[in-house]
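Enquirer: Build out the structure end to end from the sequences listed, making use of the hints.
Listed in order, the protein sequences are those of chains A and B.
The numbering used here applies: residue 1 is where the first sequence begins, and numbers increase by one.
The numbering used here applies: residue 1001 is where the second sequence begins, and numbers increase by one.
Keep in mind that the hints were calculated from the coordinates and are not lab data.
Fair warning: there could be bad hints in the mix.
To be verified - Calculated cross-link-like contacts (lysine to any residue; reagent style SDA-like; alpha-carbon spacing at most 25 Å):
(1) A:LYS250 x B:ARG1083
(2) A:LYS250 x B:VAL1047
(3) B:LYS1074 x A:GLU383
(4) A:LYS471 x B:LYS1034
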Amino acid sequence: MRGVYTPVTKIRRQIFTEIARLAFEGWSQEKVEELPYKIISGEIPQYRDSVFKERAIVGERLRLAMGLPLRDINDNAPISKGLSDDMLINQAYELPLINVIPFACNACPETSYMVTDNCRHCLAHPCVSVCPVSAIQFTAEGTVIDQDKCLKCGRCKEVCPYSAIVKYDRPCAAACGVKAIGSDHLGRAKIDYDKCVACGQCIVSCPFGAITDKSQLFQLATALKEGVPVVAEVAPSFVGQFGPAATPDKVKAALKLIGFADVVEVGWGADRGTVEEVHHYAKHVATGEARFLATSCCPAWSVMAKNEFPEISQYLSQAYTPMVETARHVKKTHPDHKVAFIGPCSAKKLEAMRRTIRSDVDYVITFEELMGMFAAKDVDFGEIEGEPFADAAPEGRGYAVSGGVAGAIASGVHKLYPEVEVKMDRAEGLANCKKMLAIAKAGKREGYLMEGMACVGGCVAGPGTLQPINKATAAVNKFKAESPIDLFEGEEGQ
Amino acid sequence: MKTMKSIRVVVCVCTQCIMNGAMDIIESVESLKKLKYEMRHGVKIQVETQVCHTEHDHSQVCPVVFVDGQQIEKATNEEVMTRILSIVRK
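Expert: Rendered as structure tokens:
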């Protein structure tokens, strides 16, 4: 459903705007309790069977948007329960990051094959012939598949001449590349947090809007309102996210307008990582000292690799991720400032929760959450005087698009080590990333540079983005071409 | 010589309209260009973006789209596409 504006998108964005407004205007418990009635007004339900349920779900979404945990269903507590003065600015993310709101979940059945009205009860009925467990029966009511017998092998679907048999997938589970979604005792989605890498694909795939992640939007907006100095580091995929009027230089100016002390490109950190990985590949991988080099900037991919392929995880790049590299640089140059990473990604929130990174990155929000801040502040991009970026080289800016990370490293190797041949492989989507790592584990990617991206299309397709992938990709490529920096100027092979 | 029929679609891309799905409307309108049969081949759809300044509170009526000068408030993908196809079929 990503790329289609639906009522789920509408509600999510309303929540972000209202939470940002609440923070900027000063919060009170009364204001928080009024929000569900502002977002879901009247008595005629628009989305579900009753406005009361709609408001209850909005209440939980509001809590998550303020970084608070879900309430227990038996807990008679206000929406703002747990919101205290000491967590208004300094609250870090706490597990679980990705949450299923149980009573918003439709309890969709798990994967199954079903016979539709397209069935003509044909004489040949090849579906019956190919079923290895005789699960298909012809009855007076029509053709049915005995779900207790069915192996879910899909053979019947493949042979049906009328396309009458369909595979039914629960959308959240189908989108999850690490098979982290199971069911609770009522058949509702339940996340296995030992497997979840917070890629966020379930969030954008659930047609009932039942899954959502926590946010620090409220804390960040409160910090800006209180005059806390915060530097924004924007991920390379920010370009084009806020509409055609929001050119990169205007986004920078708009961020300062809403209170950020300074704005830097995360592409700067990506460039540092690129240089480190160029040398590492040429000196250790091309020489056969290390088996391969897997990129590490996508946290969902690298956490999945560490969880599921621990025996080869030492070949993941040891370079700091662009977010962390840039944040550490900012903390050196602005020691009394906080750092807010603004990106497309839920997994970056998980990365920022790590004990070793908490002191570097104080806030992580998505582009969609930032747009809520712009909307709350009525930012008019048409009226803003832009301020150009000049932090990152084309290599770092290109990290936003699938193929960009490996492409940047390969181009560096060609420039600095022209005698070295770069062998590359890459995968998009965690299920494909797992296949690529399984091949590498089997010894068939020796000497390779491997890029993994949890989102198909790269960061421009992240769950926290606003724009269609093709438009965002084009905007990133244009911005990349405009960079004034030559990353490898003065750099030599070692 | 027969002149090609042209439909001008202007989508407001202010912050409030973007937040309420303006970019998805642009995608929908652009997708109509692929419907060659339904679009009678000869109809040209021009999509433009601009930040509009309407007289009343813009945030209450977002997103705003103009199809051949006719304003649609709280525009949806389906409403805009239907309006365009109704003009094509005239």
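Enquirer: Determine for every hint whether it applies to the structure shown.
Expert: Hints, verified against the model:
1. A:LYS250 x B:ARG1083: violated, 33 Å
2. A:LYS250 x B:VAL1047: holds, 23 Å
3. B:LYS1074 x A:GLU383: holds, 23 Å
4. A:LYS471 x B:LYS1034: holds, 17 Å
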